[in-house]
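Which chain is which? The protein sequence lines are A and B, in order.
1 is the number of the first residue of the first sequence in our numbering; add one for each residue after it.
201 is the number of the first residue of the second sequence in our numbering; add one for each residue after it.
Just so you know, the hints here were simulated from the structure itself, not pulled from any lab data.
These numbers were taken from a predicted model, which means no experiment stands behind them.
Incorrect hints may appear among the rest.
Stated by the list, open to error - Computed list of chain B residues with no C-beta within reach of chain A, every gap over 12 Å:
| no. | residue |
| --- | --- |
| 1 | D249 |
| 2 | L287 |
| 3 | A293 |
| 4 | I312 |
| 5 | L328 |
Said to hold, decoys possible - Okay, the calculated beta carbon distance ranges per label pair:
| no. | chain 1 | residue 1 | chain 2 | residue 2 | range |
| --- | --- | --- | --- | --- | --- |
| 6 | B | I305 | A | V141 | 24 to 30 Å |
| 7 | B | W315 | A | K92 | 19 to 25 Å |
| 8 | A | E50 | B | I273 | 54 to 60 Å |
| 9 | A | K92 | B | T301 | 16 to 22 Å |
| 10 | B | G221 | A | K198 | 54 to 60 Å |
| 11 | B | K232 | A | T61 | 40 to 46 Å |
Claimed, not checked - Here are the simulated BS3-like pairs of lysine-lysine, each with C-alpha atoms no more than 27 Å apart in a straight line:
| no. | chain 1 | residue 1 | chain 2 | residue 2 |
| --- | --- | --- | --- | --- |
| 12 | B | K232 | A | K177 |
| 13 | B | K244 | A | K103 |
| 14 | B | K244 | A | K177 |
| 15 | B | K244 | A | K92 |
Cβ coordinates follow ideal geometry from the N, Cα and C atoms, glycine included.
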Amino acid sequence: MRVTFYIIFFLFILNASFIKGLQNNSLARWVVEKNSSLNIQGETNINSFECDVTEYLRPDTLVYSKNDAIKKLCFTNSCLIIDIRRFDCHNKFITEDFRNALKAEETPNLKILFLTIDQFSNSCNNQIVKGIVDVELAHAVKRSEINYTIKTLPGNRIQMNGSHVFYFSDFNLKAPKKLAGLIRTKDQIKVNFQLFFKAI
Amino acid sequence: MNKVFIAWLTAAILMLLLGIGMLYAGIYFFPKIADEYFSPVFRKAGETDWTFYAHPFILAFALKWFWERYKGIFEGGVLLRAIEVALVYSIVALLPILWLTYSAIDVSFKMIVTWFIYGFVQSFAAGLVFAKLNP
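Make the full structure from the sequences, and use the hints.
Next up, the structure:
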């Protein structure tokens, strides 16, 4: 009887400390707003080009736990999915070629999996924070550290801007080349994004 | 025979260099037209790249055959004979094939015009080489 009491007491203490631990890492959600946009800048040996997706139509939600002690957000299965077929490069030849280069017909989605954001505070005004994401394109995944500029907006909204340089070769893709390579796109592309979230 | 071979090879190499030079000049001066090379109607660079670089050798061979057969009817100085070769090639061969290309393939008229000029200049260069080395 006494042994059973000690076991129950021990389990109670353990459970209490677990609940306390959870309170330190509170779970929260951000809903991705429709006006979020993504822009890709690239260069060919003829011109520079820009491709945009100016609307985010999927109702995605980012779920995270926040460690208040170190102000770190850890995301759980939080992913943005962008339809590559919606990229518009403002030039019909480059748009089509760019989509083909990204293998849009085989794998139409560009996935950005959020992993962590460091030094996040609920009230920031153009604060620069670091985050880690996995970008998946054409069945290849590239882990990247990204600097975000974060701004809190009225109505529990958050604006997150950032940019990162990628290479076609990061995703085992080939930058478009024509006429035996005399006409070519540079391997390097710069991805800029402006994301709006609503905290719920 | 040796003279014929040297004239063919010289013309081919000159046309290759001119072709690449004109393409880069096109990119520099007419970037909007050159953007069209990203159209899906153009093959991606890859296994068939060598065929692009071989085209001046094929063209030089055809023009050399034509020159050997009909050089007697081209009279005058080197420049005049080269212009006549370029005109004959452009009107008899280039114009109809480019017309057909424009009718069948989704390329702009401006692009077709650049190819016509490109072919005219190449054949003029070949005519100069033939008239000089193998009159």
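Could you check the structure against the hints above and give me the numbers of any it violates, in ascending order? 1, 6
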